[in-house]
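Peer 1: Given chain A's structure and the hints, the job is docking chain B onto it.
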Amino acid sequence: MHWFQIQNEKADLITKNVQTELQFLKSQINPHFLFNTLNNLYALTLKKSDLAPDVVIKLSDMLRYMLYECNEKEVALSKEIKYIQNYIELEKIRLSKNVDIQIKIEGDISKTYIAPLLIIPFIENSFKHGLKYSSSNAYLHFNVNANQNELAFYIENSKANNMAGSIRTNTTGGIGLVNVKKRLELIYPSTHSLKIQESPNSYTIDLKIKFKKTTND
Amino acid sequence: MIKTLIVDDEPLAGEILETYIAQLPNVELVGRCYNAIEANDFLNSTDVDLILLDIEMPQLNGIDFAKNLTQKAQIIFTTAYPEFALEGFNLNAVDYLLKPIAFDRFLKAINKVSDKLKLPQSQNTEQDINYIFVKADKKLVKLNFSEIIYIEGLKDYVIIKTESTRIITLQTMRSLEQKLPQDIFVRIHRSYIVNFNRIHAISGNDIEVIEKNQVKQLPIGKNYKEIIDKIVELKKL
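Protein chains in written order, with my numbering: chain A, 1 to 217; chain B, 1001 to 1237.
Please note that the accuracy of each hint is not assured.
[Claimed, not checked] Short derived list, chain B residues pointing at chain A, Cβ under 8 Å:
1) 1010
2) 1013
3) 1016
4) 1031
5) 1034
6) 1058
7) 1080
8) 1099
9) 1100
10) 1104
11) 1144
[As the list claims (entries may be wrong)] Once the Cα atoms are required to be at most 25 Å apart in a straight line, the calculated DSS-like pairs of lysine-lysine come out as:
12) 1212/B / 48/A
13) 1222/B / 48/A
14) 47/A / 1216/B
15) 47/A / 1230/B
16) 47/A / 1142/B
[Unchecked claim] A few chain A positions that, by computed beta-carbon distances, are all more than 12 Å from chain B:
17) 38
18) 63
19) 129
20) 149
21) 206
Worth flagging that the hints you see were computed from the coordinates, not collected in a lab.
Each residue gets a CB set at the ideal place from its N, CA and C atoms; glycine is no exception.
With the rest of the complex left out, here is chain A (with noise of 0.2 Å):
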């Protein structure tokens, strides 16, 4: 019996383990995004524009890290901060104002590893509830800090203050904030903290992780 009822909950646990990596990976690619951007770059190329060529290698080395790279279980630091940074690009080219965006990064990137794409979900929300709503003085602070014992994320963005609410999930397509919580607590179980803030003006997310003496198994 008691053998059976280890089974059992050693089944469910899987399951569960799968169907958050299943949704993963059928929400990694935003069709919104990618069909926003590519109806930009037809823009672009309708008025012959220089922009277009830099909007096309943008693009191309997103996707290839989302369809060859993002299968591993851990990646280099370095690429996924490369795909956040491409991404960025390419969203402030759909937005109707200048936005200050800065990017802060401290520690050797490169020898770092982490699971693909936890970060993203929270640099599309800062776009989608933030920088869009948020009419003058809008900016994003994106930092990061690695060092031996542990990586460090902090987003900072402005929001319009009449917006009531808008920590919202992400249901159409991306990677919702949800899917990330999970995902934080399957990869990360007992060695992350993630401290999201919410002020008026403002937006705050703080994501630490804290490394095992071997961070890539």
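Peer 2: Positioned in the frame of chain A, the structure of chain B alone reads:
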């Protein structure tokens, strides 16, 4: 003229639509808004026939905006979201265009709008009117559409060439263009409208028609080339 408002939060997405509208003589851009709130303000002061409406926008999305719309403007949704198509059509939208939108697909949607806008008028009057009256020599001359080969515009008057005669009338190209059925009569140049049923051939930048048993070449204007290519492409074998 279809008075049109663009509502899209993305600058480049709006630019594409502006470029397309500029190529269509029967569509006039009257406004460009970046969100639903702006659009609402705009519509309070201006009447429009058509709204090209994005769905994913901050504050209020296009679907909700359309639901609460009081003006009876036609709506074409322009979006990257295929999943709202059903809801879009339930809101009586004329069409639902998926980004990136190709020009011929856009043209098709606009044609649906012209059909819709024309429909109530043609039901009130006679069906299938296939002639017009033009003032010439203190008379009103009746001309069947099928007789007209092409129309040449000069400064304040136009010359209408038919099989048997030419009629000179005080009229602008623009006003005449609006009175003629747009599926048959196509503006090919600042100074020329041609009856597409009477075209003999297209060679390079010229359209050839037969006038008094002779080939007459009419130039295609730079700004009209793309739309003519599209029309021809649709009819090509």
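Peer 1: Now look at each hint and say whether the structure bears it out.
Peer 2: Against the structure, the hints:
1. For residue 1010/B, the interface hint holds, since its Cβ comes within 8 Å of a Cβ in chain A; the closest pair sits about 5 Å apart.
2. Interface restraint check: residue 1013/B against chain A, minimum CB-CB distance 6 Å, threshold 8 Å, status holds.
3. Because the smallest distance between the Cβ of residue 1016/B and any Cβ of chain A comes to about 5 Å, under 8 Å, the interface hint for this residue holds.
4. Because the smallest distance between the Cβ of residue 1031/B and any Cβ of chain A comes to about 15 Å, over 8 Å, the interface hint for this residue is violated.
5. With a cut of 8 Å, the hint placing residue 1034/B at the interface with chain A holds, because the nearest CB-to-CB distance is about 5 Å.
6. Annotation: residue 1058/B was flagged as interfacial toward chain A, and the flag holds, the nearest CB pair being 4 Å apart, inside 8 Å.
7. Below 8 Å, beta-carbon pairs count as interface contacts, and residue 1080/B has one with chain A at about 4 Å; its hint therefore holds.
8. This hint holds: residue 1099/B has a C-beta 4 Å from the nearest C-beta of chain A, less than the 8 Å allowed.
9. The interface hint given for residue 1100/B holds, since its Cβ lies 4 Å from the closest Cβ of chain A, which is under the 8 Å cut-off.
10. Interface hint at residue 1104/B: violated, since its Cβ lies 14 Å from the closest Cβ of chain A, which is beyond the 8 Å cut-off.
11. A cut of 8 Å between beta carbons decides the hint on residue 1144/B: the least distance to chain A is about 40 Å, and the hint is violated.
12. Only pairs whose Cα atoms come within 25 Å are accepted, and residue 1212/B paired with residue 48/A is rejected, the gap being roughly 44 Å.
13. With a C-alpha separation of about 17 Å, the suggested pairing of residue 1222/B with residue 48/A holds against the 25 Å cut-off.
14. With a C-alpha separation of about 35 Å, the suggested pair residue 47/A and residue 1216/B falls outside the 25 Å cut-off, and the hint is violated.
15. With a CA separation close to 18 Å, the supplied pair residue 47/A and residue 1230/B stays within the 25 Å bound.
16. As the CA atoms of residue 47/A and residue 1142/B are separated by approximately 45 Å, the hinted pair breaks the 25 Å bound.
17. The claim that residue 38/A is not at the interface with chain B is violated, since a C-beta of that chain comes within 12 Å of its own (minimum 6 Å).
18. No beta-carbon of chain B comes within 12 Å of the beta-carbon of residue 63/A; the shortest separation is about 16 Å.
19. Taking the minimum C-beta to C-beta distance to chain B, about 9 Å, the non-interface status of residue 129/A is violated against the 12 Å cut.
20. Residue placement check: residue 149/A keeps its beta carbon more than 12 Å from all beta carbons of chain B (closest about 40 Å).
21. Distance check on residue 206/A: its Cβ is at least 25 Å (rounded) from any Cβ of chain B, clearing the 12 Å threshold; non-interface status holds.
Hint check: violations occur at hints 4, 10, 11, 12, 14, 16, 17 and 19; the rest are consistent with the structure.
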